[in-house]
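Taken in sequence, the protein lines are chains A and B. Each residue of the first sequence is one higher than the one before, starting from 1 at the first, in the numbering used here. Each residue of the second sequence is one higher than the one before, starting from 1 at the first, in the numbering used here.
Hints are computed from structural coordinates only; laboratory data are not their basis. We put the CB at the ideal spot given by N, CA and C, even for glycine. Don't take every hint at face value.
To give a feel for the contact side, a few chain B residues facing chain A, derived at Cβ under 7 Å [what the hints assert, rightly or not]:
(1) A117
(2) E119
(3) P120
(4) H124
(5) Y179
(6) K180
(7) P301
(8) A302
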Amino acid sequence: MKHTISVLVENTAGVLSRITGLFSRRGFNIDSLAVGITDNPDISRVTIVADGNEHDVEQLAKQLNKLVDVIKVQSLDQEQLISRELWLVKISCTPDKLSELKNITEVTGAKIIDVTPETVTLEISDWGAKLMNFKALIEPFGILEMVRTGVVAIERGAGGIGRK
Amino acid sequence: MKAAEAVAKCLKKENITTVFGYPGAAVCAVYEAIEKEGIRHILVRHEQNAGHAANGYARVNNTPAVCIATSGPGATNLLTAIATAYMDSIPVVFITGQVSSDSIGRDVFQEADITGASEPFIKHSFLVKEAASIPKIFKEAFILAGTGRKGPVLIDIPEDIAEEEIDFKYPEKLSIRGYKPTTKGNKLQLKRCAEAIAESERPLICAGGGVLLSGATEELYALSEKISAPIVTTMMGIGSLPTEDERNLGMIGRFGKEEANIAVNKCDLILLIGARVGDRAVKSPTFIEKTTKIIHIDIDPAEIGKNLTADIPVVGDVKNILSALLDVVSERDVPLWTTKKEDNKEKTLAEKLVKRVSERLSDGGIFVSDVGNHLITAANNVSLKKGARFFTSGGMGTMGYALPASIGAYLASGKDTVAFIGDGAFQMSLQELATVKQHNIPVKIIIADNSSLGMVRDYQKAKNLKEFAVSLDGSPDYLKLADAYGIKSALVDEESDIDEMLDNFLSAKEPFIILCRTE
Ligand SMILES: Cc1ncc(C[n+]2csc(CCOP(=O)(O)OP(=O)(O)O)c2C)c(N)n1
Ligand SMILES: [Mg+2]
Numbered sequence: 001m002k003h004t005i006s007v008l009v010e011n012t013a014g015v016l017s018r019i020t021g022l023f024s025r026r027g028f029n030i031d032s033l034a035v036g037i038t039d040n041p042d043i044s045r046v047t048i049v050a051d052g053n054e055h056d057v058e059q060l061a062k063q064l065n066k067l068v069d070v071i072k073v074q075s076l077d078q079e080q081l082i083s084r085e086l087w088l089v090k091i092s093c094t095p096d097k098l099s100e101l102k103n104i105t106e107v108t109g110a111k112i113i114d115v116t117p118e119t120v121t122l123e124i125s126d127w128g129a130k131l132m133n134f135k136a137l138i139e140p141f142g143i144l145e146m147v148r149t150g151v152v153a154i155e156r157g158a159g160g161i162g163r164k
Numbered sequence: 001m002k003a004a005e006a007v008a009k010c011l012k013k014e015n016i017t018t019v020f021g022y023p024g025a026a027v028c029a030v031y032e033a034i035e036k037e038g039i040r041h042i043l044v045r046h047e048q049n050a051g052h053a054a055n056g057y058a059r060v061n062n063t064p065a066v067c068i069a070t071s072g073p074g075a076t077n078l079l080t081a082i083a084t085a086y087m088d089s090i091p092v093v094f095i096t097g098q099v100s101s102d103s104i105g106r107d108v109f110q111e112a113d114i115t116g117a118s119e120p121f122i123k124h125s126f127l128v129k130e131a132a133s134i135p136k137i138f139k140e141a142f143i144l145a146g147t148g149r150k151g152p153v154l155i156d157i158p159e160d161i162a163e164e165e166i167d168f169k170y171p172e173k174l175s176i177r178g179y180k181p182t183t184k185g186n187k188l189q190l191k192r193c194a195e196a197i198a199e200s201e202r203p204l205i206c207a208g209g210g211v212l213l214s215g216a217t218e219e220l221y222a223l224s225e226k227i228s229a230p231i232v233t234t235m236m237g238i239g240s241l242p243t244e245d246e247r248n249l250g251m252i253g254r255f256g257k258e259e260a261n262i263a264v265n266k267c268d269l270i271l272l273i274g275a276r277v278g279d280r281a282v283k284s285p286t287f288i289e290k291t292t293k294i295i296h297i298d299i300d301p302a303e304i305g306k307n308l309t310a311d312i313p314v315v316g317d318v319k320n321i322l323s324a325l326l327d328v329v330s331e332r333d334v335p336l337w338t339t340k341k342e343d344n345k346e347k348t349l350a351e352k353l354v355k356r357v358s359e360r361l362s363d364g365g366i367f368v369s370d371v372g373n374h375l376i377t378a379a380n381n382v383s384l385k386k387g388a389r390f391f392t393s394g395g396m397g398t399m400g401y402a403l404p405a406s407i408g409a410y411l412a413s414g415k416d417t418v419a420f421i422g423d424g425a426f427q428m429s430l431q432e433l434a435t436v437k438q439h440n441i442p443v444k445i446i447i448a449d450n451s452s453l454g455m456v457r458d459y460q461k462a463k464n465l466k467e468f469a470v471s472l473d474g475s476p477d478y479l480k481l482a483d484a485y486g487i488k489s490a491l492v493d494e495e496s497d498i499d500e501m502l503d504n505f506l507s508a509k510e511p512f513i514i515l516c517r518t519e
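The following block holds chain A by itself, in its conformation from the complex (with noise of 0.2 Å):
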């Protein structure tokens, strides 16, 4: 079961080492991994999706929690949170395709971001089946590159592990 876990850190020199040595050190495996600092600057904010039982995932926030640069963890049911990945995608289309592309992006909320003569780059922000979508419904323009943010996720509703 995919589990979202999100870690408050020290924004200090070795934090992220410290965080991903965990995990090859304790064999759990992640699927997502994404930071970024946040409206403190002296603290980042993790945010992991991770491949696990309920066991693994316990001792891997209890892990985590023991590093001194860990401020606060916390793991959340997919229900509970808002999730978000950013791509960005370069895929093959010349401009006589344009228009089928542009149906496209307008369904899936997908931006084109950039268009040259044979290529058009495209952005898009959403979360799970949507984005397994969205390829699906690109790759037969031939996909050249992709690159992805990885997950980030925030609570729903009032509350929220970063709120003070």
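With the hints as your guide, set chain B with the ligands onto chain A.
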């Protein structure tokens, strides 16, 4: 003052009077400051042994001990000692020199990323980037090493930073945002423990190293009496109570006492106290999970549920929790459901030697064993009176631990200290005989000589493998070696020799080596 002087001042503030180490160019400024500050420095003959000596020192005092090495090879030589301290939760602050901050990352002479290299097996580490942060970093390092689940912490100080001028002010108190160990047990959980104990007919206490690390031996004994529960120990828990006490069933595990393992299987409630249920202690935790109710008390929440699932977990400091538990449990006024049996097995010479020497240890005396077959001999035959201690490298099983650790243990305690060492392990650490001699440290060394890496040899035999690469042919004449170092020695060949040497052995004011042939 110079940042290096601040380092020495920080050590003074932490009441550090002795440090273990090995100098080099990158730590020269720190060494100069330590000398000026009047802190005693014990020059070992290999950095790893400085770490083990600090380990032994820390285990006696239960507070952080300090070890210093230079950059590059000096620092990497510490790695085994760091891992050894980590696995046994021993509070040691390691200080290393580093190349100048503007050279870091350029592979200059004697540069090694020691914070990176030690990362998997250290509680925390600091690479000092600003000289002014030194007092704060030292305060944090000592807090981290010595509180919560104790362990090693490293401070890496670039050479140029050690020379900078700073204002020295040592923080009296300090809180670390990401570090809030739970020390007090949850009241509700304690109540559940009391209920489980009241319902139990055959409660058993399993005491681990955490009992000793939190200084809870009195509370442990009181609890055992109040709820009438016999005690088994892990290897790290040996010495939690006197060996000959009727309620001490001995060490559990693959190499432990049969009656201790039987008790684990027969009890209906087990209180795991400061024990992490290592694979060598409990081979099949799932079996116990099925047959027994489990109370697990540990300072580290990550230990609970890691190797076995507890019915009632209690997170916190063992001493705190046991004294709180003593207040809420009701007395079970019944005799112990099982007690220590007389051990009538015929003993080997080495087993007799271990027993006879260890039972003479004064209160606070320490028996340190190295790792190999002789550790099994030691763990199952030491006979400790109240207050005597047993040290070994339990989690890591590091050969070469005993001699340097005994040096630290003696310097911290000033009490009888014995190192019991296999011939293989001795040859991994014998350079420290010079340290012993140089500082006239009266540790008593017993070499268990079987001309073999006995434990590996037996493992090969058990697996029907060919005996290979385990013969220690070519080893020196240990008595002559002792002579070469100017250390007195004797051969124990038969039981009557034990009687003869015992009177003078422990009381001698100088080091002494005994050679004992074993199988
Ligand atoms: C540093 C290190 N290297 C290798 C081992 C693996 N090992 C465990 S016991 C042992 C043999 C120890 O030989 P010795 O000290 O002579 O003790 P004996 O088993 O003969 O009593 C070895 C090689 C280890 N524990 N530590
Ligand atoms: Mg041997």
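Hints, verified against the model:
no.: 1; hint: A117; in the structure: 11 Å, violated
no.: 2; hint: E119; in the structure: 5 Å, holds
no.: 3; hint: P120; in the structure: 5 Å, holds
no.: 4; hint: H124; in the structure: 5 Å, holds
no.: 5; hint: Y179; in the structure: 5 Å, holds
no.: 6; hint: K180; in the structure: 10 Å, violated
no.: 7; hint: P301; in the structure: 5 Å, holds
no.: 8; hint: A302; in the structure: 4 Å, holds
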